[in-house]
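Chemist: Since the structure of chain A is provided, determine the placement of chain B on it from the hints.
There are 2 protein chains.
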Amino acid sequence: MKKLNIGQVGFGTVGQGIYKVIANAKNAHASIRKICVAHLDKDRGAEFDSAKPLLTDRIDDLFEDPEINLIVEVIDDAEASYEIVTRALKKGIPVVSGNKIMIANHLPELIELQNKYGAALLYDASSCGSIPVIRNLEEYYDNDLLLEVKGILNGSSNYILSRVFDHNEDYGDALQRAIDLGFAESDPTFDIEGFDSLFKLIIITKHALGVYVRPEDVFIYGISKISNFDIKWAREKRVKIKLVAQVVKISDKAFTMFVMPEFVDKSKYIYSVDDEYNGVVIRGEGYDRQFMFGKGAGSLPTASSILSDIMAIRRDYRYEYKKMHYIDRPEYTTDVSLKVYVRFKETRIPELLPFEKITESYSSEQENYVIGHIKLSELIKHRQTLDAKDVFIINIPQFFIDRD
Amino acid sequence: MKKLNIGQVGFGTVGQGIYKVIANAKNAHASIRKICVAHLDKDRGAEFDSAKPLLTDRIDDLFEDPEINLIVEVIDDAEASYEIVTRALKKGIPVVSGNKIMIANHLPELIELQNKYGAALLYDASSCGSIPVIRNLEEYYDNDLLLEVKGILNGSSNYILSRVFDHNEDYGDALQRAIDLGFAESDPTFDIEGFDSLFKLIIITKHALGVYVRPEDVFIYGISKISNFDIKWAREKRVKIKLVAQVVKISDKAFTMFVMPEFVDKSKYIYSVDDEYNGVVIRGEGYDRQFMFGKGAGSLPTASSILSDIMAIRRDYRYEYKKMHYIDRPEYTTDVSLKVYVRFKETRIPELLPFEKITESYSSEQENYVIGHIKLSELIKHRQTLDAKDVFIINIPQFFIDRD
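Keeping their order, the protein sequence lines are chains A and B.
Residues in the first sequence are numbered from 0 upward in steps of one, following numbering that gives the first Met the number 0.
Residues in the second sequence are numbered from 0 upward in steps of one, following numbering that gives the first Met the number 0.
Here chain A stands alone, though its shape is the one from the complex (with noise of 0.2 Å):
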């Protein structure tokens, strides 16, 4: 097998990550070449001194090199990413990648250069770090049996609410830790509005289901609303308030998705998913629940997803993209009846909002809420209500249907 000599684009946390982990992996037989940066002249401590021969802020060093035989890109800018990781396909060199957001927008286009052009495009890093997610629905859940993938894929909104639930915070202060903590960046919408859960599940779909669906057709509800109201009532309820992104087949020819914060109960595996971390549930006709655990972000974590990537370049993996060549693949819908709790301050919050069936509603001087049967296509019509200040929307899954 080849020997592997990389380009690497970007040398933040999740770059000296990956740095880190090819000096331990004597049996990668990869080495970095080259490393591309933004800024030559920054501090980087000791411990990357050896790096430095390596760094250069140009590109053109990295395509220029007719050694380089992998390009590993692990930059925040999406649009520059793009710019990369295109670039390598058209001239047939492999990429891994980590970037999510430039993946879930242009994932047809990226398929159609690595088919085009025979170079492969890997990216198990970009969905839940360390957790094998895309691997395993790639190549082990390839078949008929997938009926749904459940989970907690972003882990700085679960940080937070972690500290909410489990130690009794202040949203307000559990934000500011995990900002403090480096769990969240300085601007945390991408995390817990859903943005980050979004890209993922995008990817997680595809190959889940052989299905592109464009983000922005997507209902995503993020958790940055959340009153300590909607939080005493999960806890007298005995549940927590995760925020989960789901994909799950409603029947053989459908399937919808959406990523809301959600009530999850004792019984479910989420449950136990705190601070930080991610799990995923792969549900199937047969094996029914499988459950994937595991730290989705961070340096080493990222980086050691990366090198399995890396190895797999090594012996020529691809992804195939199997399930969309499936015969009757399901097809994405949003009409699809959800059972959600709306809290409110406005009394007509519930006449803006079309629902089937209320089955609780309540009021009080301070807060109101009800709970009934609403079309998923109609939150994606009444997005302006739902996002009106003092409005909070919580999914309630079918089990929890089940119990009422």
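Treat the hints as calculated values from the structure; they're not laboratory data.
Treat each hint with caution, since some may be false.
It does not matter which identical chain is meant; a pair holds if it fits inside one copy or across any two.
[Claimed, not checked] Below, in silico cross-link-like pairs of lysine-lysine (BS3-like), each with a Cα-Cα straight-line distance of 30 Å or less:
hint, residue 1, residue 2
1, K374, K265
2, K321, K25
3, K19, K248
4, K1, K115
5, K224, K344
6, K2, K248
7, K321, K2
8, K224, K388
9, K25, K248
10, K321, K1
11, K1, K248
12, K236, K265
13, K374, K231
14, K252, K1
15, K252, K2
16, K252, K380
17, K338, K224
18, K252, K25
Modeler: Coordinates of chain B only, in the frame set by chain A:
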């Protein structure tokens, strides 16, 4: 890709599961062409009437059929399994098998046959049913980072211990319930004495570290002699007793492995693996701990795993046993100190066991125990002492030492 015409051997619980699963997997492009059974006339119920024309009691019917291009072997008899699997491989026909005893005992030869005759043998179902342990160790954790694989690999013994710890049942009652429910065989020795876990561990170790260890060289200790005293002791310490199989790198050069009852505290992932479930923790540098959890046995879970292997055969996948060719493969050693709890009646027992250090000892009119450090090699040497009536040994893993 080719269409698979399966010659199936065995039509018991798992075999019938495969029949059902294949019927539902329209994208498998696989069909069962013949099923070899021991007793043609056995009543299998109306559900399997459609299978009747496929049945034969002559194994030669499968091998003489030129259309059959895959053997799926799911019989209990390890010797017959060996005959069938080797015969198929020698004819260049790929095989999917779930027979852990046969595979664990003959793995080196089975690898040789695959190399010599070019046909693949896949057996993910042999270890932890529906949990894709083998495939992930072979493909995803195929690097130098892997440090440890540890888990609950046997559902029957775990079911019994769960009844004891979570439902306060007596061990004998729990065992009887397991037999009644079909979670344990009427002769449960294979499960509760650790043999089932051992064979799975042998297979896992080959794919985890590239090294084959003969089953007879590994220390196993079952749960059949657990007493109410042990259970009470564990409860007081707020830990559970689980039957744990593990392979652990203790340095760059060496690893150890064994199957033993172990005290498991709440902070460990396997603490919450209850009832008949299996759970495996894969630990490595960088990613720390990955946890995989699911149904380890049963008709449909095992059949779904077999289906994954069938689909893999269709695209010419094979285990490459890449780690066999690693430089600096670690060597198996039993020269490693364990901290153990030994409960006994006869007071001379501790003298018979060459402890390096005894850290606690307790005696009463009813029971005595010591906690101390002892070499694994000494446990093997003093098997007879450990096998005596009224002696029981439980591993106290490192974390427990740290907390003492």
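Chemist: Cα distance capped at 30 Å. Does K321 pair with K25 within a copy, between copies, both, or neither?
Modeler: Result: close only across copies, 14 Å inter versus 33 Å intra.
Chemist: Could you figure out if K321 and K1 sit no more than 30 Å apart (CA to CA) within one copy, between two copies, both or neither?
Modeler: both (26 Å within a copy, 14 Å between copies)
Chemist: Using 30 Å as the alpha-carbon threshold, which applies to K252 and K25: within, between, both, or neither?
Modeler: between (48 Å within a copy, 14 Å between copies)
Chemist: Measure nothing new, just compare the shortest in-copy and cross-copy C-alpha distances for K374 and K265 to 30 Å and report within, between, both or neither.
Modeler: The answer is within: 27 Å in one copy meets 30 Å, while 41 Å across copies does not.
Chemist: Have a look at K224 and K388 and pick one of within, between, both or neither, based on CA distance no larger than 30 Å.
Modeler: Cα proximity of K224 and K388: one copy only (8 Å, versus 63 Å across).
Chemist: Given a CA cutoff of 30 Å, do K224 and K344 count as a within-copy pair, a between-copy pair, both, or neither?
Modeler: within (13 Å within a copy, 62 Å between copies)
Chemist: When no copy is specified for K19 and K248, does a C-alpha distance of 30 Å or less occur within a copy, between copies, both, or neither?
Modeler: This pair counts as between: shortest inter-copy Cα distance 20 Å, intra-copy 41 Å.
Chemist: What label fits K25 with K248 when the C-alpha limit is 30 Å: within, between, both, or neither?
Modeler: between (43 Å within a copy, 16 Å between copies)
Chemist: Check K252 against K2 for me: Cα-Cα at most 30 Å, and say if that holds within a copy, between copies, both or neither.
Modeler: between (45 Å within a copy, 24 Å between copies)
Chemist: Check K321 against K2 for me: Cα-Cα at most 30 Å, and say if that holds within a copy, between copies, both or neither.
Modeler: Both. Shortest intra-copy (28 Å) and inter-copy (15 Å) distances satisfy the 30 Å Cα cut-off.
Chemist: From the Cα coordinates, with 30 Å as the cut-off, is the pair K252 and K380 best called within, between, both, or neither?
Modeler: Cα proximity of K252 and K380: one copy only (23 Å, versus 61 Å across).
Chemist: Is it within, between, both or neither when you check K1 against K248 at 30 Å Cα-Cα?
Modeler: Between copies only: 28 Å across, 41 Å inside.
No hint from the list above goes unmet by this structure.
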